[in-house]
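Chains V and F, in that order, give the protein sequences. Quick note, my numbering runs 1 ahead of the 1-based positions in the first sequence. Quick note, my numbering runs 7 ahead of the 1-based positions in the second sequence.
Any given hint might turn out to be false.
[Unchecked claim] Which residues of chain F face chain V? A few of them, derived with a C-beta cut under 8 Å, are:
id : residue
1  : 87
2  : 114
3  : 121
4  : 122
5  : 226
6  : 237
7  : 254
8  : 257
9  : 258
Since the hints were derived computationally from the structure, they do not count as laboratory data. For every residue, glycine included, the Cβ atom is placed at its ideal position computed from N, Cα and C.
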Amino acid sequence: MRAVTKRRTWLYFIPYGLWLALFVVAPVALIIYQSFFDLGHHFTLGNYSTYFQSATYLKMTLNSVWYAFLITLFTGLISYPTAYFLHQLKHRQFWLLLVILPTWINILLKAYAFIGIFSQAGLANQFLTFIGIGPQQILFTNASFIFVATYIQIPFMILPIYNSIDDLNPAFVNASRDLGASNWQTFRRVIFPLTLPGVKAGVQAVFIPSLSLFMLTRLIGGNKVITLGTAIEEHFLTTMNWGMGSTIGVILIVAMIIVMTLTGDKKPKGGAPR
Amino acid sequence: MSKKLANAYLILVFAVLYAPIVFLIVYSFSQGETMTNYHGFTWRHYQTLFSDARMLAIVANTLLVALLSSLIATLIGTWGALGINRTTKRVTRESLLTLNNVLMVSPDVIIGASFLIFFTMLKIPLGFGSVLMSHIAFEIPIVVLMVLPRLREMSSSMLDAAEDLGATTRQLLTQVIVPFISPGIFAGFFMALTYSLDDFAVTFFVTGNGFSTLSVEIYSRARQGINLEINALSGVMFLFSLLLVGGYYWIQQASQKRKHRKREVAS
Numbered sequence: 002m003r004a005v006t007k008r009r010t011w012l013y014f015i016p017y018g019l020w021l022a023l024f025v026v027a028p029v030a031l032i033i034y035q036s037f038f039d040l041g042h043h044f045t046l047g048n049y050s051t052y053f054q055s056a057t058y059l060k061m062t063l064n065s066v067w068y069a070f071l072i073t074l075f076t077g078l079i080s081y082p083t084a085y086f087l088h089q090l091k092h093r094q095f096w097l098l099l100v101i102l103p104t105w106i107n108i109l110l111k112a113y114a115f116i117g118i119f120s121q122a123g124l125a126n127q128f129l130t131f132i133g134i135g136p137q138q139i140l141f142t143n144a145s146f147i148f149v150a151t152y153i154q155i156p157f158m159i160l161p162i163y164n165s166i167d168d169l170n171p172a173f174v175n176a177s178r179d180l181g182a183s184n185w186q187t188f189r190r191v192i193f194p195l196t197l198p199g200v201k202a203g204v205q206a207v208f209i210p211s212l213s214l215f216m217l218t219r220l221i222g223g224n225k226v227i228t229l230g231t232a233i234e235e236h237f238l239t240t241m242n243w244g245m246g247s248t249i250g251v252i253l254i255v256a257m258i259i260v261m262t263l264t265g266d267k268k269p270k271g272g273a274p275r
Numbered sequence: 008m009s010k011k012l013a014n015a016y017l018i019l020v021f022a023v024l025y026a027p028i029v030f031l032i033v034y035s036f037s038q039g040e041t042m043t044n045y046h047g048f049t050w051r052h053y054q055t056l057f058s059d060a061r062m063l064a065i066v067a068n069t070l071l072v073a074l075l076s077s078l079i080a081t082l083i084g085t086w087g088a089l090g091i092n093r094t095t096k097r098v099t100r101e102s103l104l105t106l107n108n109v110l111m112v113s114p115d116v117i118i119g120a121s122f123l124i125f126f127t128m129l130k131i132p133l134g135f136g137s138v139l140m141s142h143i144a145f146e147i148p149i150v151v152l153m154v155l156p157r158l159r160e161m162s163s164s165m166l167d168a169a170e171d172l173g174a175t176t177r178q179l180l181t182q183v184i185v186p187f188i189s190p191g192i193f194a195g196f197f198m199a200l201t202y203s204l205d206d207f208a209v210t211f212f213v214t215g216n217g218f219s220t221l222s223v224e225i226y227s228r229a230r231q232g233i234n235l236e237i238n239a240l241s242g243v244m245f246l247f248s249l250l251l252v253g254g255y256y257w258i259q260q261a262s263q264k265r266k267h268r269k270r271e272v273a274s
């Protein structure tokens with residue numbers, strides 16, 4: 002009986018294996034393959050040499066990494082206390098659901114809302130006028146891009162941190178207090194190190210998508226911020242230079258692998274924002 | 008004191024999280040044409056929305072792609088999870104799971120761009136077919152991740168009992184395994200559905216000219232500026248998301264309740 006079931010195992014893999022081959026392995030291979038071709042479909046290393054010699058591309062990459070870093074930092078600074086306080090509430094499952102709910106709203110609708118809020122006569126400017134600063138240009142600035150990106154990523158940071166706080170054994174906290182540690186010492190020496198895996202998972206879930214958010218740079222950033230994602234979209238859909246687009250894609254994949262290695266990919270964290 | 012501060016902080020965070028959504032929906036009822044000053048209540052924008060034939064066709068397209076792709080992805084994903092669960096070698100299983108997660112962690116732009124190359128090379132025309140295939144492709148891994156834990160919870164003694172009682176492989180699958188893992192399958196289906204409805208970047212790359220989904224349409228309209236019809240649309244979509252979240256939550260609660268009941272019986 003066992004021998005029969007074992008022999009049949011491969012049957013289970015027909016559709017799934019086909020998917021793995023066609024939509025996981027092949028596309029990654031294709032994007033690497035395409036990065037070695039120029040506009041005239043000739044094999045070349047030119048895309049890579051252009052990339053590494055061009056100040057524009059390198060500056061764009063650094064910029065993109067810098068913005069992703071800022072977005073991740075702000076998201077983390079806001080999300081950690083939120084997750085921590087949330088965990089002390091009575092009906093925390095309900096509140097957690099309220100954190101998740103905005104992620105179910107289409108990301109473009111949220112971006113669209115901010116076009117209205119940040120516009121010349123919008124809510125934000127009305128507030129600025131009210132407190133006496135007067136209207137400012139908010140939309141199409143780097144700050145507005147960072148703000149909206151942070152807003153969109155917050156739930157994806159809160160969830161893993163919340164889970165790691167939930168896993169934390171309260172006995173450690175009590176022991177630390179009994180041994181005379183102050184609140185701050187307890188936090189710095191006990192709570193934070195033990196919830197670090199959650200922070201790492203959150204960084205993973207936020208940093209990589211932040212490198213590739215191209216719709217926000219267009220709608221909110223007014224094309225002033227160019228991320229790796231914007232550059233790829235531009236090369237693929239506007240200038241039709243797929244070779245160069247793929248090269249930047251490969252750079253993005255490498256960046257992704259670096260981030261995953263740095264943040265210690267023990268448990269793959271799903272649910273990247275779309 | 009610190010408790011009050013904590014609550015104030017949480018209120019602030021929730022206010023910021025929900026402000027844009029409330030803002031969108033409030034202005035969907037405004038008589039004006041912009042999102043600046045509220046001009047009094049009207050259903051007008053909803054009427055415009057529901058008489059906009061192009062928009063309705065796009066909503067229908069979006070729902071069709073979402074339902075069809077989730078259904079197919081759930082089938083393939085569940086089948087795949089069953090396969091992964093049967094692998095005996097640890098190495099095989101680990102590498103399968105790693106491959107499974109590639110699409111979960113890849114940025115959307117990479118998925119979109121690589122699928123575009125893929126479809127172009129195979130000369131598959133861009134449109135409904137390519138969008139559907141892409142959606143199925145990026146939904147499968149989440150279904151697998153939702154179904155696998157349920158499969159692991161399944162005790163082998165139950166399977167042995169079924170086999171000893173003379174169940175065929177087919178009966179084992181349809182009458183023992185599938186009913187047991189159904190909460191995972193449903194959760195996977197719902198997650199797939201939301202992934203599909205939420206996706207913009209991948210669809211944007213592989214959609215071509217003739218075919219459009221809601222996200223792509225909202226993007227192109229938002230680039231032209233404010234149009235309160237989109238606010239009305241967001242009101243409808245918010246309601247729809249609430250229903251989906253409610254459904255998902257209900258399934259989770261139901262499966263948890265079942266677990267509790269089982270524990271009570273056991274003790």
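Quick rundown of the hints versus the structure:
Interface restraint check for residue 87 of chain F: the shortest CB-CB distance to chain V comes to about 3 Å, inside 8 Å, so the restraint holds. The criterion of a C-beta within 8 Å of any C-beta in chain V is met by residue 114 of chain F, whose closest approach is roughly 4 Å, and the hint holds. Interface restraint check: residue 121 of chain F against chain V, minimum CB-CB distance 3 Å, threshold 8 Å, status holds. Of the supplied interface hints, the one on residue 122 of chain F holds, with its beta-carbon coming within about 6 Å of a beta-carbon of chain V, less than 8 Å.
Here the hint on residue 226 of chain F is kept, as its CB sits about 5 Å from the closest CB of chain V, short of 8 Å. Annotation: interface hint on residue 237 of chain F holds; nearest CB of chain V at approximately 6 Å, less than 8 Å. Checking residue 254 of chain F against chain V: minimum C-beta separation of about 11 Å lies over 8 Å; hint violated. Proximity of residue 257 of chain F to chain V is violated relative to the hint, the smallest CB-CB distance being about 12 Å (cut-off 8 Å).
With its C-beta approaching chain V no nearer than about 13 Å, residue 258 of chain F sits outside the 8 Å limit, and its interface hint is violated.
Figure legend: structure checked against the earlier numbered hints; hints not met, in rising order: 7, 8 and 9.
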